[in-house]
Amino acid sequence: MTVKDIFETMDYGAAPEAAGDALAWITDQGARFGCFIDGAFAAPVETFETKSPATGEVLAEITQATQADVDAAVNAARRAQGKWARLGGKGRARYLYALARLLQKHARLLAVLETMDNGKPIREARDIDVPLAQRHFYHHAGMAQLMDAELPGREALGVCGQIIPWNFPLLMLAWKVAPALAMGNTVVLKPAEWTSLTALCFADLCRQAGLPKGVVNIVTGDGAVGEMIVASDVDKIAFTGSTEVGRKIRAATAGRGIPLTLELGGKSPYIVFEDADIDSAVEGLVDAIWFNGGQVCCAGSRLLVQEGISEAFHAKLRARMDKLRIGNPLDKSIDVGAIVDPEQKNRIAALVDASDGVIHRAACAVPDGCYYPPTLITGLSTASPLMQEEVFGPVLVSTTFRTPAEAAEVANNTRYGLAASVWSENINTALDVAPKLAAGVVWVNGTNMFDAAAPFGGVRESGFGREGGWEGLQAYTKPVAKPKALKPVAALKGEDAEPQPVDRTAKLYIGGKQARPDGGYARNIFDKRGRLIGQAPIANRKDVRNAVEAARAAKGWAGASAHNRAQILYYIAENLAARADEFAARIDLTTGGSKGAAEVEAAISRLFTYGAWADKFDGRVAQAPMRGLAVALREPCGVIAALCPDAFPLLGLVSCMAPAIAMGNRTVLVASEPFPLVATDFYQVLETSDVPAGVVNILTGAASELAPTLASHVDIEAVWSFCGADVAQTIEAGAAGNLKRTWTERTARDWMGDVGEGREFLEAATEVKTVWVPYGA
Amino acid sequence: MSHTDTMTALETGQLPQVSATHNPEPRNPGIPLDMDWVMRARANRSAIERRAATLPGRRSVKKEHQAAWLARAISCIDLTTLSGDDTPGRVLRLCTKARNPVRADILDTLGLPNLTTGAVCVYHDMIGDAVRALDGTGIPVAAVSTGFPAGLSPFHLRIAEIEESVKAGAEEIDIVISRRLVLRGDWQGLYDEMVAFRKACGPAHVKAILATGELGTLQNVARASLVCMMAGADFIKTSTGKESVNATLPVSLVMIRAIRDFYDRTGFRVGYKPAGGISKAKDAVTYLALIKEELGDRWLRPDLFRFGASSLLGDIERQLEHHVTGAYSASWRHPIG
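Residue numbers (the working numbering), protein chains in the order written: chain A, 1 to 777; chain B, 1 to 337.
Only chain B is shown next, with the shape it has when bound in the complex (with noise of 0.2 Å):
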């Protein structure tokens, strides 16, 4: 990441930024395409789901320890706002949220006054707005970029509005790939256009959207992922939040365990971000744990997680009301974003 705050995390409570500085975690350059093993990737729908239903049952987490893993999830929020209707104004707004997440008062009491969400997430036109908002916070612009969500305008214009948003300041890329490629079976296609996203994104770090919903099979996934980090994508996301079914824990459990794989084999961690659909603080929850016990603790930082969400917000700051009085919240309660 490029910001260059010097506190520790500890000290604000926050930014997956900051410990990158100290500790930053090597960019996955990517790997020629590798078709022995991507054939070779299998996934079970059934023992898949089974291990995805089961998970909310096997891990719980209750006071000061939920209360700890909501404000991490905060920390891991690309606060997003993607419409068709969105001004400098309503971007503004959304910025002053991710740089205060929660009500004053209550961080203070959880002792995470500088919690901030991850980043923020927005179309390229909004880029500029973002910047100067966050000017400061040591937050991220993140722009989804390659004709989002469907990914089916011109390829040189998908390039270009890579280059485009990089040059307004966007720091994180949110790409979207072409999923006639996977479903055509196209994996050298697939490698291509993620190799030439990843260039058109310089130093701006690169997410992979699959849109998990529109690849027919967990098999399909899990191979499109293993291309996309062979490419050199520094994080794989499932959906654009414009699909039917967005994310889903199988989904999920198929990403994150081709994300070990290559972490295995090749020694770089990409990360992951979930998007659409998670809405609730126990969801939330459930995802730490899945990611926690596939993926292990290293991956429970912003600079390897993230989720894409725009109401999982609300739900947080409710829960964390909870725990700090003891009574049940209201949503009129929390500034809105």
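Here chain A stands alone, though its shape is the one from the complex (with noise of 0.2 Å):
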């Protein structure tokens, strides 16, 4: 065409990016790429083909990794952990700094790496991915000089085993990378199949950056590289992808006792209010569901529209979609690229094409090959299939509600629980909904903002754990200890049955009432001589059932003002301070020792530090580069079940119980095994201290009998063990199932100390959502 021609058409034409340098440096690697072990490449064995997939060229042979190359790659990293560590913060930092250095100066190489080997538009690589990864090295490189001072008290967790997805190859090992690498750990990272590039590009970059040998290891390959990984012998797995993957991992390190963060799927809702700004929100949904075709975890895939508005939205949603470029990733004015592959892409197809609601694909040109059209799906229920199903694609499914009450309610309904967007120009409504929202992002008139400083995570099926921020450095970083065996406590026994004055039926505690167990069975419990003293009550499934509904219809008390918390927290140390001799006397008949007194002293004061806790533990505003609030917010979980140490009766509920509640959560407790009878006359304390029915429920009987169901159990977010490694493996294998939250001890803690209470326990009983605020008049 003529520029006379073109002065008349006004069309776009075409602006491709070079990518010869790119190929450039794949051909000067060999073209062939072995793993990353020790600060150096091995020789490529068996490989396989990554292809573009926007053109199908293949662009190089990738290491198919064999179990000696991942055992290698940990044992590297084994040996560089310890001085890497003793390294300190401040040499770290050093390390740290100079990898965002040069992943500032290759950032036109990675971009186009990555475009070339995702499919993603160039604009996206090289606008987002690159820059945010950049940061993410930045800000840690900023945690690692400050860890000395601001984490006393914490360490590296040793190796850690981090496996990522293929959306955002790069962006994803800078979130895995940086922090694990700040906080003294090592790693071995495998990067998906399809998209290995950047992070070989990224190996090239620590040996540029002296980083010592070992450090850093990439393995490459498929999924059952993976599987190696997390079979191996590491200290942490950190994984970003399905959350079918995710299951089989938490279900795989059961036991294991090492720490698991999951970063899985969503179904993002995207809530549009009748008093939003509508061309904005519909321009944010091109970011939301169009951004790197919607193979994005935190897609807004789900668009929730107030009813009086939907069909002019949809309107003017369709004509936006219709004038989306699609096609060659690596020109700069593409909006959608190409699909990763033509698996993905079929899969795509499939999905959509057995939808039962009104299918519109965006009328722009669609190129031959790995592309799928920009899909909106409208007249859906929330009962229709992809209403619930991740795509994984540009595919946006659409619904509508009508109040406040109903969006949250809608937004609500899903196993997922990752990110949301809100609109709305009433300051009122988008702050009312933004904490009601079961999500670990929520953005408030915007979608897909990202940044070191704030955390990222989610909450149900969308996994668990943060990344970036403070709270990121969680995942990382465990408290220094050496920990003690934990020795099993049995239970006193006898078979004298001595008639009592009055008896005393011990029941269980559910819903604010005592509570006859549902197997109508009760356990005789002796003193140190052997006499009876009473009859524990053994708890089933369906007392299981039943304290988790009563604690389920006990929402109220997430809602409750933290001063208010704090003093029913007190109300019961009061109560219990009334009867403490008691209480001292009870558990020392019970334990058959004779430190009850001080159990119940320290008791009272765990009580009083929560109280102390309850308003003050406080979110925080992150400094992320906007105008705007990055608010990170301290939830409480919801329900926890918490199963409590055997060794103190009284101090080991109460510390499990006073942190849940402190912090807004309703709480199941399994009392201990062995001293039951002191948590059965813990309840009348709670009963004359004025806790609202449900928040509290106790249950008596065997961990090992009731942990299954527990742990199972998918209306309980998250659960808590510290009744030794059996029951560890138990919760964490069954928690595969929802993929709730685990806190799961296996060794003796020192309830008496205090270590029994303060930060950790507050952190394992919130959640953190970070709620994205930008302003502007």
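Treat the hints with care, since some could be wrong.
What the hints assert, rightly or not - Calculated cross-link-like contacts (lysine-lysine; reagent style BS3-like; alpha-carbon spacing at most 30 Å):
#1 B:K199 / A:K332
#2 A:K51 / B:K62
#3 A:K332 / B:K292
#4 B:K63 / A:K332
#5 A:K323 / B:K62
#6 A:K4 / B:K242
#7 A:K105 / B:K280
#8 A:K4 / B:K62
#9 B:K62 / A:K332
#10 A:K4 / B:K63
#11 B:K63 / A:K493
#12 A:K332 / B:K282
#13 B:K292 / A:K323
#14 A:K105 / B:K292
#15 B:K63 / A:K323
#16 B:K167 / A:K323
#17 B:K199 / A:K4
#18 A:K487 / A:K513
#19 A:K105 / B:K282
Everything labelled a hint here was simulated from the structure, so no lab data went into it.
Quick one: dock chain against chain with the hints and give me the complex.
Dropping the structure here:
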């Protein structure tokens, strides 16, 4: 076309980013890559092809790592870790800073490699992925610098196995590697088989930065290699990917005592109220669901529009979709690139074709090959499969709502809980709805905003753990401690059935009422001399069901003011203090010990501690680079079940209950198995302390019997266990079902000491929700 | 437009005035003030700024396309001089530049030998000189009016000024609205004022300058845009060039979205003119992309889109010479306007 022709048509024409330098880099590396282990690239042996999804051309050969490769990588990381940690935060900060600088210096190379390998538009790789990856390393260079001063008492976990997905290959690497390295860990990372190139380029940058050998190891290959990493002798697994694989990892690591971070799928709601800036909300969807072709875990893929504006909104949306440009991802004027692999494209097509809704495919030209048009499906109900299933493609589904309450209800009608967007010009509406959404991230009048300083992560089957900010460092550190083995505590035995003056029937405590066990069985409890001192009910799975129902129903507790919750905790302490002698005697009698008085005193103090904390465990405003607030809120998890320690029948129970309820959770507590009668006395204290019904529920019985039911119960958000390795294993295996958070301790904790309380408990009792509120008059 | 040239746009490489003859865009007659619509207008600044900030990274034109787009930008320029020291000689030079915006050898190479700017924009006293200088070219003369730039002279004089300028030969009148009506939420007052201005313009097209830099919020910009269109504005325009903040991409986005809504609801296309602060060729391309994306190709013509600019043309000339020769250019190689 001549200039004169274009003067009339005003077409964009092609604006391709040059691929020459990136292709030259691949050629320079031999176009065949081995794994990066112990500071060097191993010779490639068995390889597979990595292709450009946009063109189908083979970019390079990548190694399918073997068990020996994974072992070598883990061993190298193990050898390097002690020295890397001892280098100190300030020493490590220099390396992270150098890596950030190198990422910046090679920004264009990385962006082009990413686009060629993944198919995402060059604009996104250039303007979003790579700058955010740099930012992550800069931010965490700072975290390394500050670690010794600001995180006293925390240390590295050791060797971290990290498995990342193909949708943001370099960015997810940065999210995983930067905090791990900053805190003194070493890593073995596996990029996704479809997109290994930027990770290998990063390995090259590690060499240039002079990073000590073995600190970063990159092993490549398919899911089998991921399984090898999971099975290897690592101290941590961090995984970003599908819920299905996350569930497998949860099950595979159950009982190993290694911490896990899972960042999984989503079906994130995008809520538009009638008073929103409609044009901006429509444009926001371009960033929500057509960003990276919708292949984004937190994509706003579920549109909820207020009924009165839905027709007008959909009309504007369809018009906007029709103007999207889809094609060669290296073209600078492309909005939607290629789908990562033909396999993924076929999956998307099958899901859409099976839909019962009204399908609008954008009228834009779609090139042949691995492309799928932006798609809107309207007329769906919450029961439609596509309202529930993650598509992981450029497909938006839509439904309507009537009121803010209904918006939250429909939004939360999902197994997932990663992110959400709320559009309203009314600050009251927006800030009312945001806390009600089951999501780890909420964007008000925006979408897909990320920053290294702001925690990111999900709830429900979107996983657990946070990445970014101070909160994210929890996932790569542990308390400095020399754990002692947990000694089993046996119940006292006896046969003597002396008649009691007046029989006292201990019961379960469910929904604010004393309840007989469903099974109708009780267990005899004896004192040190073998005398019968009472019977403890044996709870079964139906009692668990009832307790969880009661806890779920007590939802008002989460909304009670922190001051109010503190008052209740103090009131419990007051009433316990009034009966201190009685409880001390009961503890001594039931445990056969003599330190009951000290335990009661410690329990009263613990209640005071969490009364104090109730209104002081604050969220934080993260310093994200924008005009607005990125607020990391501390929200209650919901319903927490705790299998309390055996050894301290009162203090152990209080140490689990108090932080949980202080933060607004409701609890199902399984009392000390050998010494249950202290807990059944304790509910009398609760009854006199204005604790709302259902906030605290107490079960007695065998931990090993109750643990599977608690672990698999999908209406429990978190389970804590302090009952040893066997119960821990049961809990973690069962938790794979709904991917609830678990805190399972296998070692002995000094419940009488300082480590029996504090931030560790409060962090376990809260979920971090990051609410982004950009503003501007 | 009143001009009656019969050549096609392709033949002349120019001119809304021409294509308007064949397919004249019906003038927006205005509609009754719809306060419900006005009050529902929302503008979320952060979201709008995000869209505006990412747009230049989303669209890029290269080589022939870039040259064509820059030529298109020239065809949409209201080449402007609005200074207290304007003289007939200065205006004559400006009009000559409007007729020959780029060196002839460059235009010949591009295949657009007849390219001109969209209009020339002057104060009232310069209209006669400009009309004479542009005689026979089809380039209209636009006059700023109604007590430009502050708009605070007596109302009857503002009306009279419009009538005088039309009588003097201005085919387009750039009026300034009373900012105080917006700032006090007097939408009826703004509507009535605009209706009166439009009526005074008669056959001349009226561009309503909102002075967005003085309206305080983007929501006010959105509402003022709607009210002026309801009152019959042919164009809405950002600014006088005299405010401390003039045309910006976020403000443009708000205004053209209002234009789009107005078209969707009434079927009338209203034009858009960003003015002040656009001085780089790259910025011009970004504006054209914004219009193409949000309003569509039909608006990429001088009867519906203008740049109010004085120094933009110089930068475009250098870029075009670079396109033709492959060597970077210098300002002294191009005749000044």
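query = Any of the earlier hints contradicted here, and which numbers?
reply = 1, 6, 11, 14, 16, 17 and 18
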